[in-house]
Amino acid sequence: MHNVSLKNKTGYKTELSSRRHSILSDEPLESNGTDTGMNPYELLLSAIGACKAITMRMYAERKGLPLEDISIELVHDKVPAEEFENSETKTGKIDKIDIRVSIKGDLTHEQKARILEIGERCPVQRTILSEIMLTTTSV
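Just so we're on the same page, our numbering is the position in the sequence shown counted from 1, plus 9.
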(Lines of atoms letter the chains of each structure in order from A and count residues from 1; the text may use other names and numbers.)
(Lines give C-alpha, C1' and ligand atoms only; values in the text may rest on other atoms or scores of the structure.)
Protein backbone atom coordinates (compact mmCIF):
# COMPACT_ATOMS: atom_id res chain seq x y z
CA MET A 1 0.00 0.00 0.00
CA HIS A 2 1.16 3.52 -0.78
CA ASN A 3 0.06 6.61 1.11
CA VAL A 4 0.38 10.31 0.27
CA SER A 5 -0.93 13.22 2.35
CA LEU A 6 -1.65 16.67 0.93
CA LYS A 7 -2.21 20.09 2.47
CA ASN A 8 -3.56 23.09 0.60
CA LYS A 9 -3.93 26.19 2.77
CA THR A 10 -4.26 28.95 0.20
CA GLY A 11 -4.17 29.37 -3.56
CA TYR A 12 -3.09 26.38 -5.61
CA LYS A 13 0.20 25.65 -3.84
CA THR A 14 -0.16 22.21 -2.26
CA GLU A 15 2.32 20.32 -0.08
CA LEU A 16 2.54 16.61 -0.84
CA SER A 17 4.10 14.28 1.75
CA SER A 18 4.92 10.59 1.79
CA ARG A 19 7.22 8.79 4.20
CA ARG A 20 10.05 11.32 4.92
CA HIS A 21 9.64 13.26 1.67
CA SER A 22 7.79 16.46 0.80
CA ILE A 23 7.35 18.29 -2.49
CA LEU A 24 5.18 21.15 -3.69
CA SER A 25 2.61 21.09 -6.44
CA ASP A 26 1.22 24.29 -7.90
CA GLU A 27 -0.07 25.83 -11.08
CA PRO A 28 2.01 28.09 -13.32
CA LEU A 29 1.66 31.86 -13.14
CA GLU A 30 -0.49 31.95 -16.30
CA SER A 31 -3.02 29.70 -14.50
CA ASN A 32 -3.07 32.00 -11.43
CA GLY A 33 -0.68 29.81 -9.45
CA THR A 34 2.63 30.84 -7.91
CA ASP A 35 4.70 28.31 -9.93
CA THR A 36 6.38 26.84 -6.83
CA GLY A 37 6.15 23.25 -8.06
CA MET A 38 5.04 20.96 -10.85
CA ASN A 39 1.36 20.93 -11.69
CA PRO A 40 -0.66 17.71 -11.23
CA TYR A 41 -0.28 16.62 -14.87
CA GLU A 42 3.48 17.10 -14.63
CA LEU A 43 3.50 14.98 -11.47
CA LEU A 44 1.52 12.27 -13.26
CA LEU A 45 3.99 12.27 -16.15
CA SER A 46 6.87 12.21 -13.65
CA ALA A 47 5.38 9.18 -11.90
CA ILE A 48 5.08 7.29 -15.18
CA GLY A 49 8.58 8.24 -16.33
CA ALA A 50 10.27 7.54 -13.01
CA CYS A 51 8.57 4.16 -12.76
CA LYS A 52 9.67 3.24 -16.29
CA ALA A 53 13.27 4.32 -15.61
CA ILE A 54 13.43 2.44 -12.30
CA THR A 55 11.85 -0.69 -13.81
CA MET A 56 14.31 -0.67 -16.72
CA ARG A 57 17.27 -0.06 -14.40
CA MET A 58 16.21 -2.92 -12.09
CA TYR A 59 15.95 -5.29 -15.06
CA ALA A 60 19.35 -4.26 -16.45
CA GLU A 61 21.01 -4.71 -13.05
CA ARG A 62 19.36 -8.09 -12.52
CA LYS A 63 20.57 -9.25 -15.95
CA GLY A 64 24.04 -7.70 -15.56
CA LEU A 65 23.56 -5.47 -18.62
CA PRO A 66 25.90 -2.48 -19.06
CA LEU A 67 23.15 0.16 -18.98
CA GLU A 68 24.69 3.59 -18.46
CA ASP A 69 21.91 6.12 -18.84
CA ILE A 70 18.15 6.36 -19.32
CA SER A 71 16.54 9.61 -20.45
CA ILE A 72 12.78 9.88 -20.79
CA GLU A 73 10.64 12.73 -22.07
CA LEU A 74 6.87 12.62 -21.67
CA VAL A 75 4.36 14.96 -23.30
CA HIS A 76 0.65 15.06 -22.42
CA ASP A 77 -1.99 16.55 -24.66
CA LYS A 78 -5.71 16.28 -25.26
CA VAL A 79 -6.53 15.38 -28.85
CA PRO A 80 -9.79 14.88 -30.76
CA ALA A 81 -11.22 11.38 -30.30
CA GLU A 82 -11.71 11.15 -34.07
CA GLU A 83 -7.92 10.76 -34.46
CA PHE A 84 -8.11 7.29 -32.87
CA GLU A 85 -9.97 4.71 -34.96
CA ASN A 86 -9.97 1.98 -32.30
CA SER A 87 -11.05 4.18 -29.39
CA GLU A 88 -14.30 3.54 -27.53
CA THR A 89 -14.61 7.33 -27.23
CA LYS A 90 -16.02 8.69 -30.49
CA THR A 91 -16.43 12.40 -29.68
CA GLY A 92 -14.66 14.92 -27.50
CA LYS A 93 -11.03 14.70 -26.43
CA ILE A 94 -8.76 11.82 -25.44
CA ASP A 95 -5.72 12.17 -23.21
CA LYS A 96 -2.59 11.28 -25.17
CA ILE A 97 0.83 10.77 -23.63
CA ASP A 98 3.83 10.51 -25.93
CA ILE A 99 6.90 8.94 -24.33
CA ARG A 100 10.40 9.13 -25.82
CA VAL A 101 13.04 6.93 -24.23
CA SER A 102 16.80 7.06 -24.80
CA ILE A 103 18.82 4.11 -23.50
CA LYS A 104 22.61 4.39 -23.48
CA GLY A 105 25.23 1.78 -22.78
CA ASP A 106 27.28 -0.88 -24.54
CA LEU A 107 24.12 -2.77 -25.44
CA THR A 108 22.99 -4.68 -28.52
CA HIS A 109 19.88 -3.58 -30.40
CA GLU A 110 18.09 -6.62 -28.94
CA GLN A 111 19.11 -5.74 -25.36
CA LYS A 112 17.88 -2.16 -25.78
CA ALA A 113 14.60 -3.41 -27.24
CA ARG A 114 14.14 -5.82 -24.33
CA ILE A 115 14.89 -3.10 -21.75
CA LEU A 116 12.33 -0.85 -23.46
CA GLU A 117 9.80 -3.71 -23.49
CA ILE A 118 10.32 -4.28 -19.75
CA GLY A 119 9.75 -0.55 -19.16
CA GLU A 120 6.28 -0.96 -20.68
CA ARG A 121 5.45 -3.22 -17.73
CA CYS A 122 6.19 -0.67 -15.02
CA PRO A 123 3.65 -0.81 -12.17
CA VAL A 124 2.49 2.81 -12.47
CA GLN A 125 1.75 2.47 -16.18
CA ARG A 126 -0.05 -0.81 -15.55
CA THR A 127 -2.14 0.87 -12.83
CA ILE A 128 -3.12 3.76 -15.11
CA LEU A 129 -4.09 1.39 -17.92
CA SER A 130 -6.07 -0.97 -15.68
CA GLU A 131 -9.51 -0.62 -14.17
CA ILE A 132 -9.26 1.81 -11.26
CA MET A 133 -11.64 2.47 -8.40
CA LEU A 134 -11.35 5.90 -6.77
CA THR A 135 -13.32 6.60 -3.62
CA THR A 136 -13.53 10.02 -1.99
CA THR A 137 -14.75 10.41 1.58
CA SER A 138 -15.37 13.62 3.48
CA VAL A 139 -13.81 13.49 6.97
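Since the hints were derived computationally from the structure, they do not count as laboratory data.
Don't be surprised by glycine CBs; every beta carbon is placed ideally from N, CA and C.
Any given hint might turn out to be false.
Stated by the list, open to error - Okay, derived cross-link-like pairs now, DSBU-like style, lysine-lysine, Cα gap no bigger than 35 Å in a straight line:
(1) Lys105 x Lys121
(2) Lys18 x Lys102
(3) Lys99 x Lys72
(4) Lys99 x Lys113
(5) Lys22 x Lys72
(6) Lys16 x Lys121
(7) Lys87 x Lys102
(8) Lys113 x Lys87
(9) Lys102 x Lys22
(10) Lys72 x Lys105
(11) Lys87 x Lys121
(12) Lys16 x Lys87
(13) Lys18 x Lys87
(14) Lys72 x Lys121
(15) Lys121 x Lys102
(16) Lys22 x Lys121
(17) Lys113 x Lys72
(18) Lys99 x Lys18
(19) Lys16 x Lys102
Unchecked claim - Using C-beta positions, here's what the derived DEER-type ranges look like:
(20) Ile103 x Pro49: 27 to 33 Å
(21) Arg130 x Val88: 22 to 28 Å
(22) Leu38 x Ile103: 41 to 47 Å
Measuring from beta carbon to beta carbon, are Ile103 and Pro49 in 27 to 33 Å?
violated, 18 Å
Do the beta carbons of Leu38 and Ile103 sit within 41 to 47 Å of each other?
At 28 Å between Cβs, range violated.
Tell me if the straight-line CA distance from Lys18 to Lys102 falls inside 35 Å.
Between Lys18 and Lys102 the Cα gap is close to 32 Å, so the pair holds against 35 Å.
Going straight from one Cα to the other, do Lys121 and Lys102 come out at no more than 35 Å?
Holds, because 33 Å separates the two Cα atoms, which is no more than 35 Å.
Straight-line alpha-carbon gap Lys113 to Lys72, limit 35 Å:
holds, 16 Å
Taken at face value, is the distance from the CA of Lys22 to the CA of Lys102 at most 35 Å?
Answer holds: Lys102 to Lys22 is near 28 Å, not above 35 Å.
Against the 35 Å threshold, does the CA-CA distance of Lys16 and Lys87 hold or violate the hint?
OK: Lys16 and Lys87 at ~28 Å, within 35 Å.
Verdict for Arg130, Val88 (Cβ pair) under range 22 to 28 Å
holds, 25 Å
35 Å limit on alpha-carbon distance, applied to hinted pair Lys22 and Lys121
Distance ~40 Å between Lys22 and Lys121 Cα, so the pair is violated.
Proposed proximity, Lys87 with Lys113 (alpha carbon, max 35 Å):
holds, 31 Å
Hey, Lys18 versus Lys87, does the alpha-carbon distance stay inside 35 Å?
Holds, at about 30 Å.
Lys87 and Lys121 were given as a pair; does the straight-line alpha-carbon distance stay at or below 35 Å?
holds, 30 Å
Hints 3, 4, 5, 6, 16, 18, 20, 22 from the list above are not met by this structure, while the remaining hints are.
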